[in-house]
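Undergrad: Residue strings, one per chain:
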Amino acid sequence: MTFWGLSGAAMAQLAALFGGLVFLLYMLKLRERLIPVSAHFLWDRVIKAGQRSLLARILRRVFSFLLQMLILGSVVITLGDPRAITTTDHPDRLVLLLDDSASMRARDVPHGAKYVTRWENAVEKARGLILSKRDNDEIMLVTFSSRASSRTSWETDAVTLLSSLEKLSPTDMPGDLTTGLTYAQEVLSAGSPGKVILFTDAASEPERNIFWGPVPEACDVEKKLDITGMDLYHVPLKIDPRGANLAITQLAARPLPTDPDTGEVLFQAINTGTSQIKTRVDFYVDGNWRESRQLELVGGQEKVFLIRLPLVGAQLEARLKNMDSEVDTLSVDDRAWAVLPRKPQPRMLFVGRENLFLEAALLLLPGTIRKVAPEDYRPSVLEHCMEPVGDPCNLIIFNEFVPESVPPTANQIWVHPAADPAARQPFKVATRSKENLQILWTGGHAPHPIMESVSMKDVNLWGESTSFQLAAKDRPLMQVDARGTVLSLLRTMPTGQRQVAIGFSLQDSDFVLQISFPVFMLNLVNWTMGSTPGFTATYPTGEPREFFLDTNQLKYPDGTVLPISGAGLVLSPPRTGVYTFLKDGEPVHSIAASLLSVDESHISPQPLEISCRTPPVWQSKFVIWKATKNIRWKPMLALLLAGLGFLIMGYLRGAWGAAMAFFGALCFALCAVYLLLTWGYPAWVALMGAAFVLLCVEWWTYHRRITV
Amino acid sequence: MPDPKVYVSQRAQLAKAGIEESMGKDFLSELERLFLISRQVLAGKLRAERRTKKRGSGLEFAEHREYNMGDDFRHIDWNLYGRLEKYFVRLYEEEEDIPVYVMFDVSSSMLEGTPIKAVHAFRIAASLAYVTLAHLDRATMLPFTGAMEQLHPPGRGKGRMFKMFHNIRNTNLGGVTDLVQATRSFVFRRPRRGQVVLISDFLSAEGYEEAINLLRYHRYRVIVVQVLSPQEIAPKLSGDLELMDVETGQTRSITVTANLLRAYMAELQKYTESLRTFCQDHAIPYFLSPTDQPLETLMLDVFRKGGFLR
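Top to bottom, those sequences are chains A and B. In terms of this note's numbering, the first sequence opens at residue 8 and continues consecutively. In terms of this note's numbering, the second sequence opens at residue 558 and continues consecutively.
The shape of chain A in the complex, shown without the other chains (with noise of 0.2 Å):
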């Protein structure tokens, strides 16, 4: 037997709140008046005549309070929801399967005058439980988020368990009850079966891919989960909704195309709450401050925005402030991080035939740009892009020239290299052509970054053209047809370099007359210096993203740096804040991650319904009982205070007292039954019922006068 509910020590406090407070109307109720009589001697000779024994006299005296004690007695027993987890001889095999999804850290269960987090009222009741535990009970703790794990094995020593409970902590991610529930079926399906503990706040959007019994081909979902015959509770926490939640849901920047220092960012906030909060949003680069925002969000307002920004640094971050008297129970989703897209600072060598066209398109751009002809050429040019000194060239364009070795480093873009038809060819060609050619395809309704804002369309090409065989990993940029004829490709070398060939002359095509051709040198040589035109958003906590990274060591937003090996790496970041990826302790690249979790961030509990769309699939077998309703607590409750005082004044005398009484004990039955449609069929209901028979007999032999 375990107590599910009130604590032990808290039932202690009701009982005796509450048997203090019985016993002292019971004193009241004995304490009888004082009449003065003359004919004493009269009643004497009557109360003789009807005379009983002496402990009939002594038990009617107490057997009211006795009936009194056991009905508070079941109440404070309910309240505390015993559960018969250990009813059976054999040893139970339970996994505790505890949420530790971002919503845990609500600040909002009461605990005395203070309020604590989901996650430690969640970890007090697992406590109990494990303490509850008999010796040869093993229990496996799972914790469960967007992904699952065990954090321990099959355990009996209650002493490691509760040591290995300590030091779990919630995470920064959004919460996933078909994983958590599949991982515990997995877990249980080795062995001899066993019991699901499910601790959660069940704040999230209510299961729609778990079903108890077959699942419907109808019920269109992702993930389908049968969980028939699992023995699964709820163990649902004491959730007060206190407060609201202000919550970022979305931040994103990205450098202006001609002023890289310059960013603009886009922001989204809502408020998951009911009232409407003003709120404040800060951004810093790199720890400072540069910008304010206020908003204000009335309750399930979403507001998004752009804002410009200085954005000279390598992070942003955005941190809600509320300025409102509501409390923001959830902290995690205040605050967001982007890495801000590296900006691209090109220094071009121009290396081919003169081209009017692509060289005022370049001069249009940030960077420099150094041109060189092509019996100049020499490898040793790259070192210098500025003669006589400066930093070597990032990026070489070739019009219309090979060279006799390609540069191993720097990006290059090479622009009808089959014009050279005496040099070695740096890509495949697979076909020559000297027809007039029209580009169709630029990559459908995904264009390319490079293809953005750009329309090859109208097009014509008249002079030669090649096209090129894709090796692997290339990918196509235009192609003339269907069939696969690509003028244009894109390849990222295995040490990271980019390079991008277009198959035919720019002189001999109208493309460097339409006006999108300088937006089009402008998305080639940002992509080709590593540069994305779009906003470089922050990564979802728990969403896996695989890195292909030359890196040795991770760092965490805490600090902590783990030592990792190969170059994937599958990462779900736990918690909000940038990670960096390390070389022998240099920063190689950098990621940040953020709860962003619209979800998450509505951390009202909801109804815990596992069900199909349609038709729900709800059995009373079903055990997770306890969240399926809303219970609708001030009508009960003030049902039940209607109820106390009526039984109070049942103690009045005579007809009013007994209608008084008859109405008490009706107002119990009526939060009895409702709980129980309501609710389910748990231990209690048998207590409340008991509860409320004892209370007709208390009231029946009290009206009786076979108790006084």
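Quick caveat, the hints were computed from the structure, so don't treat them as lab data. Any given hint could be a false lead.
[Unchecked claim] The list that follows gives simulated cross-link-like pairs (lysine to any residue, SDA-like), each with its CA atoms no further than 20 Å apart: (1) A/K590 / A/H609; (2) A/K464 / A/F524; (3) B/K793 / A/R52; (4) A/K121 / A/L138; (5) A/K55 / B/G796; (6) B/K793 / A/L49; (7) B/K827 / A/K378; (8) A/K55 / B/P792; (9) A/K480 / A/G491.
[Claimed, not checked] Which chain B residues face chain A? A few, computed with CB under 7 Å, are given here: (10) L593; (11) S666; (12) E763; (13) E766; (14) E767; (15) P787; (16) I790; (17) D797; (18) L798; (19) E799; (20) L800; (21) G806; (22) S810; (23) Y821; (24) E824.
Quick caveat: nothing in here was measured; it's all calculated off a predicted structure. Even glycine gets a Cβ: it sits at the ideal position worked out from N, Cα and C.
Assemble chain B onto chain A, guided by the hints.
TA: Chain B only, in chain A's frame:
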């Protein structure tokens, strides 16, 4: 729980206030009216003078008695001697006033009820005394609880009322009823034989028989007036109570139910019935007077049923 002594003292003050109020002008007017009523009721039957059984030298022939040594020769009925040849003397009724002793109970038990029984008893006693005095007889009012320390002799004339009122004012109310002691102390002082009106609730565990018999044995004509309050006749009690005997302070916890109330009322009925039967058996006029009964009704009953001022 209040102290019984304090409680009794409070009730006594209330009763005294009630009695004092009854001694006012209004009550005296009421008494005068009662006297007029009594004149109408008793007209033709009674005169101001009372005949006693004492044989003496009056004018009214009473009976014959055999001559004994020492009798006055003048009273020998010679006509009868002529017929019977035996000496008989003629006896005449002696005319004299008969004193009326109105004894009323002022013990603690009489301080109960609304109206207070002691006040009611006083009003009855005062009425009877006044009517007696107005009929030119002697009367006195004797409040009692136990043994009487003083016995104010009966007086004559309406003006006597004020002296009696003065005596009553100085009387302490409350105490344990002891009818036997009261009557014993009365008869031991050997007052003139006459009529004794005994007004009490007679609610005593020791009973009333001995007290009444004591008066009877000493040849007093007794009239019994039992005073009960409506709260005693039909108590409106319920629930858990602690009953306190106002005289002894003894308590008892009871839970009053309808059945218990019925049993109590039956017991009271039985008790009063036994008193009535006792009085009937001994030719003692008995009157039950609830305190809510108008005084006039009782007086008419007393006058009509006879026994008083015979």
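Undergrad: Take the hints in turn and mark each one as holding or not.
TA: For each hint, the structure was consulted:
Note on A/K590 and A/H609: the hinted pairing is violated, with a Cα-Cα distance of about 39 Å set against a maximum of 20 Å. For the suggested pair A/K464 and A/F524, the alpha carbons sit about 13 Å apart, so the restraint of at most 20 Å is met. Restraint check for B/K793 and A/R52: the C-alpha separation of about 19 Å stays at or below 20 Å, so the hint holds. A C-alpha spacing of about 25 Å is found between A/K121 and A/L138, which places the hinted pair above 20 Å, so the restraint is violated.
Proposed proximity of A/K55 and B/G796 is supported: the alpha carbons are some 18 Å apart, at most 20 Å. Only pairs whose Cα atoms come within 20 Å are accepted, and B/K793 paired with A/L49 is accepted, the gap being roughly 16 Å. Taken as a hint, the B/K827 and A/K378 pair is broken in the structure, with Cα atoms around 140 Å apart against an allowance of 20 Å. A threshold of 20 Å between alpha carbons decides the hint, and for A/K55 with B/P792 the separation of about 19 Å falls inside it, so the pair holds.
With a C-alpha separation of about 15 Å, the suggested pair A/K480 and A/G491 falls inside the 20 Å cut-off, and the hint holds. Among the interface hints, the one on B/L593 is violated; its C-beta lies about 35 Å from the nearest C-beta in chain A, farther than the 7 Å criterion. Taking 7 Å as the C-beta cut-off, the interface hint given for B/S666 holds, the closest approach to chain A being about 3 Å. At a threshold of 7 Å, the smallest CB-CB gap from B/E763 to chain A is about 9 Å, leaving the interface hint violated.
Interface restraint check for B/E766: the shortest CB-CB distance to chain A comes to about 15 Å, outside 7 Å, so the restraint is violated. Nearest Cβ of chain A to the Cβ of B/E767: about 16 Å, over the 7 Å cut. The hint is violated. Interface restraint check for B/P787: the shortest CB-CB distance to chain A comes to about 13 Å, outside 7 Å, so the restraint is violated. At its closest, the beta carbon of B/I790 sits 10 Å from a beta carbon of chain A; the interface hint therefore is violated under the 7 Å criterion.
Below 7 Å, beta-carbon pairs count as interface contacts, and B/D797 has one with chain A at about 5 Å; its hint therefore holds. Hint status for B/L798: holds, given a least beta-carbon distance of 5 Å to chain A, under 7 Å. The criterion of a C-beta within 7 Å of any C-beta in chain A is met by B/E799, whose closest approach is roughly 4 Å, and the hint holds. Against a cut-off of 7 Å between C-beta atoms, the interface hint on B/L800 holds, since the closest Cβ of chain A lies about 5 Å away.
This hint is violated: B/G806 has a C-beta 10 Å from the nearest C-beta of chain A, more than the 7 Å allowed. The interface hint given for B/S810 holds, since its Cβ lies 6 Å from the closest Cβ of chain A, which is under the 7 Å cut-off. With a least beta-carbon distance of about 5 Å to chain A, the hint placing B/Y821 at the interface is held under the 7 Å criterion. At a threshold of 7 Å, the smallest CB-CB gap from B/E824 to chain A is about 5 Å, leaving the interface hint in force.
Going through the hint list in order, the structure does not satisfy hints 1, 4, 7, 10, 12, 13, 14, 15, 16 and 21.
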